[in-house]
Structure formats: C-alpha cells, structure tokens
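*Asks:* So the protein lines, in turn, are chains A and B.
First residue of the first sequence: 1, per our numbering; consecutive thereafter.
First residue of the second sequence: 1, per our numbering; consecutive thereafter.
If you are wondering where the hints come from, they were derived from the structure by calculation, not from laboratory data.
There may be inaccurate statements among the hints.
[What the hints assert, rightly or not] FRET-style restraints, in silico, Cβ to Cβ:
hint : chain 1 : residue 1 : chain 2 : residue 2 : range
1    : A       : ALA660    : B       : ILE377    : 44 to 50 Å
2    : A       : SER283    : B       : SER84     : 46 to 52 Å
3    : A       : LYS33     : B       : PHE271    : 24 to 30 Å
4    : B       : ARG32     : A       : ALA660    : 32 to 38 Å
[What the hints assert, rightly or not] As a list, the in silico BS3-like pairs of lysine-lysine whose alpha-carbon atoms are at most 30 Å apart:
hint : chain 1 : residue 1 : chain 2 : residue 2
5    : A       : LYS313    : B       : LYS218
6    : A       : LYS552    : A       : LYS600
7    : A       : LYS399    : A       : LYS415
8    : A       : LYS17     : B       : LYS218
9    : A       : LYS399    : A       : LYS532
10   : A       : LYS233    : B       : LYS116
11   : B       : LYS116    : A       : LYS17
[Unchecked claim] Here are some chain A residues the structure puts well away from chain B; computed CB gaps all over 10 Å:
hint : residue
12   : LYS78
13   : GLY94
14   : GLY104
15   : SER135
16   : ASP297
17   : GLY359
18   : LYS399
19   : VAL407
20   : ARG416
21   : LYS532
22   : ARG548
Heads up, the beta-carbon is just placed ideally off N, CA and C, and yes, glycines get one too.
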Amino acid sequence: MSKVESLSRWLGLDTLKDQYAYGTDSEYGVIAKEKIPDRWVKTTCGYCSVGCGIQIGVREGKAVSVRGDLDHPVNDGKLCPKGLCEHESISADGRALYPLLKQGKGNAFRRVDWGVAYDEFIFQMREIQRKHGESSFAVLSTGQLVTEEFYTLGKLVQLGFKTPNYDGNTTLCMASAVAGYKRSFGSDGPPGSYEDLENADTVVLIGANIADNHPILAYRLLKKKLQGEQGPKVIVIDPRATKTAMQADIFLPIRPRSDVYLLNGIAKILISEGWVDEEFIQSSTSGYEELLNSLDDYSLEYISKVTRLEAGKIYEAARQIGTSKSTLFAWTMGVNHSTQGTETVNLINNLALLTGNIGRTGSAPMSITGQCNAMGTRETGFTSSLPGYRSFESLDDRKELAQLWNVSESELPQKRGLAYPDIVQGILSGDIKGLWVIGTNPVVSYPHRKKLEEAFKKLEFLCVQDGFHPTPTTEIADLVLPAAIWGEKEGTYTNSERRVSKVNKAVDPPGEAKSDFDIFLDIAQRIGIREKLYSNWKQPQDAFDEWRKVSKGRLCDYSGMSYEKLAEGPLQWPCNDTVPQGSPRLYSDGKFQTKDRKAKLFVVRSILPPEEPDPDYPFLLNTGRTVEHWHTRTKTGKISILEQAAPEAWVEINPRDAKALGLRNHDWVTVSSRRGKISRIRARVTSIIGPGQVFIPFHYVEASANRLTLDDACPISREPNFKQCAVKLQKLRY
Amino acid sequence: MSSSSSELDFQSVPVLEELKSFDPGSHVQCERSVPTLSEGENYRFHFDMTRCIGCRCCEVACNEQNNNPSEVTWRRVGEIEGGSYPHVARLHLSMSCNHCLEPSCLEGCPVDAYTKLANGVVDHDAETCIGCQYCTWNCPYGVPQFNPERRVVTKCNLCVDRLEEGQLPACVNACPTEAIQVESFKVEEWRKKIDQADAPGVPPADLTGSTTRITLPKELPETFGAEAVEQLQPEAAHWSLVIFLVLSQWSVGLFMAVPAFFDAQDSVLSFWILGAWFLGGVSLQAALFHLGRPIHAIRAIKAWRHSWLSREVIAFSLFGGMGFLQLAYSLLSTPSGWLFQSLSGLTVLFGLAGILSSVGIYRIPARPAWDSSRTLIQFLLVPLNLASFTAALLGTYLQLPATTITLLVIIGISACVIQAFSLLPLVIEGLRDRESLLYGTACLLMGKFKRLFWLRMALFLIAMSLAALTWVVASSTLKVSFMGGALLLSLSAEILSRYLFFVTVVPRNMPGNFFTTSRVH
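Hey, can you work out the whole structure from these sequences and the hints?
*Replies:* In structure tokens:
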C-alpha cells in the first residue's frame, strides 16, 4: 500500500467500497462481488468422508468461492464450516512450491529441480534397499489422495519397489472397522447408506460425535424431523456429553472403554426378551450357540455397575433397538481407537445380525469413515489387502490379479507387510531405514510423539510428499516433494456409504507442485517400470478404467461406472451391468462374503485397557476433534476464519476436578503422562466431561495431545488406542 | 483423586430427562423460502436452539457472503452451559443483528448512517458512517462492529439484497439443521410477545425491541454457568477519548474560573483564557483521532435531534467558538464589561452543555457501569477539581486574595474526596451479587485492575492532602509547590479514572464462547 493510499484510508476518504460491493451470481444470487466466479467447477469436498458435493468458483484462474452442490445426493447443497471456506485452503500460506533437499542431516533445505529431486529419491531408496534389503524401505500414505492415485501408488510400491511395508494413516482411523467387517462378513465394505440415517426407526451412535466431526450427517439424521416427519429415535453412547449427545433421545454416558460390556449386555437383553430375528440368525449367521452360551454373566445389574449407566436406561435403549423395525448402528473413532477396536466392531455387527438389521432400508452396521478417500485406499490401496478386497493369503485372488495385470503370480506378496505402528517399531529396531511419507503429518497425528520422533531421527532417508511446507513432518524430512491438493487435480473419492464421486481440477497447482498421480508416474518412469505397470497411462482416467476392470466381479465393483457417468452424479458400488445405477446396500440377499456365505457372530470378552488412572496419573485422557479444524491443521490452521474460531488447544475438565486442583476456566496447566507432556494448555472447565476424565483435541501441534497418548494398538487391526491413557494436570501460575 | 472415588459418583446416574426434551421433531416444517410481507409485517430471524448443533457454518457463510475479514464476524455462535455431568446441557446460540424495533444503534448514530427499512431491516450505510463507533457501544448485543481495514462500522443487514430477490440470507442458507430461519411477523403483535426473544445469557429483548424469535428447549436446566469472570477481557482504552474528556472538562472548568481573575491584571486574565481555550482546542483535536474517518467529522452534527454525540459535537464547537471570541476580546480590548461577561457566560454555558452531552453519551443501558448518575457526578467534578487547583496554583503564585484561594482549595479538595471514593459504591454493589450487571466491572476493578484502582484512590487523596497542606505551610514557595503537586496528581488521577472507565466497562453482549467472551473490536 502506498503512502498516499494509507493516508487516504486513514483520513477516511477510501472505505474500500469496491472490495465490499455486492453483485449477482447467476446461480447463487446476491453475494460479495469479489466472490462471483467466471465459472463453477463441480467436485467433491476434500476434507472428511461424508463426501459432500461442492462447487469451486473460479475467477481469473483463482479459486474465490465455494458452494454446496444442490444436486448432490449426500448434502443437498449443505456444507460444514470447513467446506464453506475450502477454496481458501488452495490459496493458503505455506503451500509447498518447489522440491526441497537437505544436503546431509542437519543442513538447511535447498530448492532443487524435479530432476534432481527424483534422482536423489531413487538413489537413496535403491541404496537403502541394496544395503538392507527391499523391505527396509517403507511407505506411509494417507486417505486424502484420489482413488486413481492410491491405485497407482499401490502398484508402484508393491510391484515397483517390491517392499510390502506400506500402510496408510487410515490405520490410525478405520483399520478396526476394516478388520471387524472382514471378520464378521468376510469382506471390508460398509453395508449401509446415509439414507438409512433418515429412514431408520432408531439410530444408535456409538463413539461418534457427528455434530462436530461429520456435521452434514447430523443434518441427514435430523432431515426427516426438519421436514416435519417423525424421524428416527437417536441413542448416543459416548463418555462425553458431546454436541451429538445433545440431540439424543437416549444418551448413555458410558464409562470409558466399558463398551464391550454394554454391547454384550444389550445383546443379552435382546435375546432374553425375544427381540431378535430368529429366522435371520438361522439362515444367515453362524456362531449363535457360542454367543448365547457366553452371555450368562452379563446380568443387567452387572452391566450397569461396570458401565456406570443406570440399568433402566440400558434396558430402555435395548428395547428401543429390539422393538424397532429398523436400526442403524453407526460408529467412528470412539470404537476404532481402542486396543480392542476390531472386537468391539464385531460386537456392534453382532447386534445388527441378531436383530436382522442389515441389507434393509434403515438397517445396517455402519462405520463412518474419517478422511475423504479412506475408502478409496481401502479398496484399491494394496495395503491391508490386495486391490479389490482380495486376500493376500488366497492363491486364487493372487492368480486372478496377476492375470489382470499381466504379471507373474510370484511377483505378488503372499502376506500383508507391516502396519503403521509396526513400521514405526521397525524403524526403531533398525529394520527400516528409508521412509516415504505421502499426504500425512505423523508428528502430530501419530500417538506417543516422542517415540515417533526418535524413530524418524534414526532414518537414513525421509522423503515427505505434501501440499504444504513447512509442516512438523516436512521440516524433519531430507527431501520434500511439493504436491497438488484438492481443487488442483482430477480423480474420484469414495465416501463412507461406498459412493464414488468425481473430483475435478479447478485451478493449477502453485509453483512447481505436481499432482501425486504425475509424481508416481514420473518415479515409475525413472525406475523403468512405467510401461510394464502403467502401459499408455497419461491421465487419472486411465487408472480409473483399469481399476474398473480389476474391481469387476468383486464386492467393490466399479465396472458399471465411468467418468462420463460420474459426471452426471455419484454412484454407490457395487455398480455393474446388473446394477448399473449402483447399490444403496450390501448383503440384501442375506448372503455374505465368507466361505459359508454366513455372517459370523463373535464372542468377545473385555480386556483391560492398556493404562488406567492411578494416584500418580489420576485422570483418564480422551482425545478427539472440534468442528472448526481438520486433522493436523496444515490446512485449517491457515484459514483465518476457522483458526480464529478455535485458535488454540484446550483441556476439558469437570468443575469438581477443577475445584480440587484450584483451577478456573482459562487457567494455564501442564498435562503430562508417562510418555511426555504438554507444557502449556488452557483449562476449559465444563460439565460435558465426566469427573476423573479430561479431553484434549488433537489438532494442535503447539499443545499436542499425542505427546501424551499411548501407541498400544489393537492386535488384530493394529489401530492405536488414542482414546484412553492416564495423565496428570498441574496448574501454572501464569 | 482415585478412580474408585469417581466410581461412586457414577453409580446413580439417573435418566437424562432434560435432554429428552431436546426434540427437534416437535416443530412444524420450517420455511425454506422467503416469506412475503403483508401490511404491518416485517422480516425477522428465528433461531431454534433445539436444532443448533454449534457447527458455526453460519459464521463462515456470513463472512463469505460479505467478504468480511475474519476479525469482523457479523454472526457469532455463543455457548451456554447448564447442569452437571451427565445432566448437562450445552446449548448454542447463533446470533447476528436482531433488527430491533427501537434500535439503539440508530438512535445514537450522529450521522444517520442507520435506517430502519420498511421491511424491518436495520440497515447501515458504510459510506455515510464516520467510524465514531458509538453504535458499537449502544447495541446491547454487540452487533455493529468496527472494520479496521475500512475504518467504518459494518453490520448484518439480514442480506436484504438477497431477500428482495427472493433469496434466503447466507446464514439461513448454510445452516445444516435449519436452526436459523427468516420469517415475517406482525410488528404490533410482537410487542406483546417480545419475551419470545429472550434466552439465557442474552440481554432482555425489551431493551431495544429485539425481533429475533428464539425457540428454547422445553425444559432448560435450572442453573446456567454465570459469566466466567476470569475470561473477561478489558475493553479498549480509547486514549483519544480519555484525553478528550479530561481536557475538555478541565477547559470548561478553567473558563468557569475566569471570574477568579477579574481582579488580576488584564494580561493574566488573557493568559488564563488563552490557556483554557488552548486545552479545549487540544481536546477537540484528540477526539478527532477517535474517528475512523476524521475527514468527515463535520457530519457528526447532523443528528442533533436524537444523538447525544451530535449534541456534544455542537455544544463543544460552540464552546470553542465562544471561547475564541472571549479570548479575542480579552486580547483586543479590556476584558470586562457586559459583552465580555456575556461571552464568558455563554462559553461556560456551552461548555456545561458539552459536558452534559458527554454524560448523555455514556448513559446507555448497553454499558451498565456507565449508565449511572456516577458518570454525571464524575464528569462534573473534573472541572471543579482540576480548574480549582489550577486557579489556586496561579492565584497563590500571584498572591491573589486569600479568601478566593481558600474557596478554590475547598472546592478542589471536596471534588477530590468525592472522586476518590466514587468507585466504591460500584464495587460494593457489583461484588455483592453475581447476578448484578456491575459484577463484571467490579471484578475487573478488584482483579486485573486492582493496583490501578487503589493507585487512583491514593492519587486523589494525596492530591487533596497536598492542597490542604497549603493552609499549614507559610512559605509561598512551598505553597506553590504543594498546589502544583496537588494539580499534577489530580490530573493523573482523572486520566487514570477515565482509563479505568473505558477498560472496565464490560458491555452487555450476546453470549460468547470459550474463545470469544467479549466484544470483538
């Protein structure tokens, strides 16, 4: 601003009239003139897995506004606060613009061109693999890329680099749901649809604070009521009186991690009251006898005592479920983030199976996923299974895939490589020396931060590919590859209800950033496997078309989809010649993906949580999210309206505990566990948290909840237990 | 705190009856299109607290709609919490402008930048606005906000341009649970049902005739958390206004004290008038710095019919003009005679009118700590205190008659004593009752500003003592020094008073949340 301008501003001659003028957009109507685009680009939101249809307003090559897509079946034009300003993530400060290389540990980053970056990447990777074996190079990816990129990356890592040690941050998120589905139904794949949230008689939300984390699902849940109809009865099971609990008809403020008891207890009530679907149990499930025999101990009085819930309340919830025509059981991280996550999922599936609530309108056990395309990586990613939900262990699956890819069956791995927590352990034990991190920020998102940082220090080579730099993880990298983000590339996302939506490019990536798809193909080219694995591929559509063939006949069947068809509207898989318009539900025929085509009922006994409060660390720490931010805040922390709405972390503490510690609202405290401490965080004294418990949102690197958390993981899914550990609080004087 | 002790508390977790009443199903289908207005009808917001999930979409959508920077939020989501775990209710309250029937923003605006449109919308014109920010004080909901980039105030206009095109306001459009709606209402009927705009933590609707209808849960928890005092943030100090108030009032006092020098030499009297006029001039200049658009200051006289601010500007302008004439007269001619005395009297009259207008400005329900006769007393005592001591100082130096000086010192000391203790009733009343509107101010005075509070009192008392000592000491040098000291300390105390006046005011406001407890400036 020139001196003349600032003087005229100061005197009051210039009130920036033009900047604040209004105009009329032909579609949206009256809005600030600067927000009116030249064109709208239809795409899908890039934050969470709800998968809202969104349009980006582009003006002179810049994204200037967004609006909800009124025609999209997920959101009817609604968006959450993050979605409503998502265009700002594109122009946010701190984008990664150029490849950056550190010449030797401890040196500063130097800008290099892509050729040098690729050469360095391939040289380091090859050297490490030559010295320490192929599996000494590991890859950690994300749930944020498009499906076409996941598909490309899976082949590149497993067949190009020949390392099985490849996993995604989806293991920090949905692995327990994946493993639970596989065990109960023989395959991954959420069986229900969002429309079931509207049409169910009863919706049970277990460890799912959708009002904060999936606000548009809260809209779907209330939609019928908003239209003046009855709408479902809502049961919320959560230790914290969340925003979602405020909308509940029955709120069960459960004692943390006593969910195994509650779910078994409800199963027992359902069975003993005759509120089960005997016919469905007989025809479509196995393991009923064993389950029945295992439930003797779960008297209502006992469950009430262990869960600290009123017996009448538990019974009321069971009756609501048992006497409803349709019940949707939906859950998220409260269930998955547990050392018993997979088995807890199996217990939820048990309830759905016992009551025959699967494959019908309003009926399903439904995991609500985290990231926008966690589902895409589950389907195609080649991490926890072979693409198309094929099993590593199955020779038939391997043969089929090898044939589709025109490679030898022996080139495919016969078992899964290391999962995320085991990769970290592998680095510490010296088995893994090189790591490629793509689109994730482990320094903030992984539990037990100190351990992770120690591990990353031991790496000989760390390459981080991200849309943003610096992030706490890119800062410690040896090589940073700048990637395009949402709005700058093309592909598809699959949301929690298996709905595949088109993702489109609105603007060019900044600086020299490239789409992840192009980066993967460039690397493939340089290691000489592009022709073999990606013959004639030029654009994401080529990957999609191959994936359609690879998924054909599988549960996640894309064969009936095409980019042209998706341009008209999103489609739910399975989508093929028989069901060209896709499928709202799985297992409607009562046949499952198991060998005997029956769903399996599981007997689960509660195991003790890995850490419980004791006199040294008297509080139980629960971690989670807040509506204003997305994950590690690399995006939302730079969007001023969101950052201002929730600018710093806090620790929620019950007024009674606060009083005992002499804490008042807004006081500064330290929070410490056996693994680390947050040296300064504000106390938020509130009754939404129970006595003996505290809650910290994990988004903030400045006061990182994951300095405190445990990295103990579910033995089946390997998903860490972010939700409970023991901490102590100390008041700070200033 | 062992886990077993907390176990006991959970044993008897009863049914969450309160929450059962949070049933959004009990409402009729909401209006998804802009209603048409019949005769006698206006538009208004309806906010349904049972539906709001606190997602803050409305805040973001509003800023996108209006291209506002993040520090200006026309719509804000507050939190109110009641009950104890697990019988807790965390309610959210999304509010923007209430488009009041008797808008206090409009009432106080000195330039008539506000219009109450025929459809009920309280509209504000940024081009007319001079950025005096008086409306931001007057609104009990903290609605109008100063945009530092534009240097004017801006506010929600219910997206009136959209309404006129049959389009819903941005916040209504964006709300995922349709908790915010726009509806039509009959104005005269609403006056009888205005309590439907009341909600916990929200200033009473009848203050300004708020039109936002609020649907509350059928059963509210019995108790809501009182204002978290530890979160209270001081308001802006407004240094330009601190200087303006103290100097203008001092200046008026000096003109009042002119008769004390009728017996002195003409040059002394001229010098005195010059000093008085100069102070007044400086104070008016200082006030200009308060404006976002000082170049348009002259517009401020426009709304003299209803705005105390306009009246203040007019009165002090006339005061300055009369003072100038008085000064000119004293320099060009012998400062005596009926013309001089008339000018002198008129100057004082306009000066007092100015001070009373200043009082009128601050006597506003939206700022309870100001809205008291204390403001009148404090403002009127400033000239008595400062001018008496100034006159006594000069009088002592010039060895004017002892009776005059004694009278001046008595006036000054009395003013000092009253000023010294003038904040005590506020603090006592405020601290006695947590529900009191003065509670926040009292807490700030006894908390964050405790030292300044006591320093202020001490300064007045020491000033008074020094003034009294002039009666005891014989040496004229000492007398002059003590009088000078008394003046200096009084002046500091008055400046400190005005500073505390501004920073500890604690405006009425809509409920804030953990991060925004006070008005955003």
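*Asks:* Could you run down the list of hints and mark each one as holding or not?
*Replies:* Here is what the structure says about each hint:
Checked against the hint of 44 to 50 Å, the C-beta distance between ALA660 (chain A) and ILE377 (chain B) comes to roughly 45 Å, which is consistent with it. With their beta carbons about 49 Å apart, SER283 (chain A) and SER84 (chain B) fall inside the hinted range of 46 to 52 Å. The hinted window of 24 to 30 Å between LYS33 (chain A) and PHE271 (chain B) is violated, with their beta carbons roughly 58 Å apart. Distance hint check for ARG32 (chain B) and ALA660 (chain A): the Cβ-Cβ separation is about 50 Å, which falls outside the suggested range of 32 to 38 Å.
Distance hint between LYS313 (chain A) and LYS218 (chain B) is fulfilled; the C-alpha atoms sit about 21 Å from each other, no more than 30 Å. Only pairs whose Cα atoms come within 30 Å are accepted, and LYS552 (chain A) paired with LYS600 (chain A) is accepted, the gap being roughly 26 Å. This hinted pair checks out: LYS399 (chain A) and LYS415 (chain A) have alpha carbons roughly 14 Å apart, not beyond 30 Å. A threshold of 30 Å between alpha carbons decides the hint, and for LYS17 (chain A) with LYS218 (chain B) the separation of about 45 Å lies outside it, so the pair is violated.
A distance of roughly 18 Å separates the Cα atoms of LYS399 (chain A) and LYS532 (chain A); the hinted pair therefore holds under the 30 Å criterion. Taken as a hint, the LYS233 (chain A) and LYS116 (chain B) pair is broken in the structure, with Cα atoms around 44 Å apart against an allowance of 30 Å. The suggested pairing of LYS116 (chain B) with LYS17 (chain A) holds, with an alpha-carbon distance near 22 Å, which does not exceed 30 Å. Residue placement check: LYS78 (chain A) does not keep its beta carbon more than 10 Å from all beta carbons of chain B (closest about 5 Å).
At roughly 17 Å, the least C-beta separation between GLY94 (chain A) and chain B is larger than 10 Å, which holds for a residue marked as non-interface. With a least CB separation of 41 Å from chain B, GLY104 (chain A) remains clear of the 10 Å interface cut-off, as annotated. Non-interface call for SER135 (chain A) relative to chain B: holds, since the shortest CB-CB distance, roughly 43 Å, exceeds 10 Å. Taking the minimum C-beta to C-beta distance to chain B, about 20 Å, the non-interface status of ASP297 (chain A) holds against the 10 Å cut.
Non-interface call for GLY359 (chain A) relative to chain B: holds, since the shortest CB-CB distance, roughly 27 Å, exceeds 10 Å. The beta carbon of LYS399 (chain A) is kept farther than 10 Å from every beta carbon of chain B, the shortest such distance being approximately 48 Å. Every CB of chain B lies more than 10 Å from the CB of VAL407 (chain A), the least distance being 47 Å, so the non-interface label holds. At roughly 38 Å, the least C-beta separation between ARG416 (chain A) and chain B is larger than 10 Å, which holds for a residue marked as non-interface.
Non-interface call for LYS532 (chain A) relative to chain B: holds, since the shortest CB-CB distance, roughly 48 Å, exceeds 10 Å. Non-interface call for ARG548 (chain A) relative to chain B: holds, since the shortest CB-CB distance, roughly 34 Å, exceeds 10 Å.
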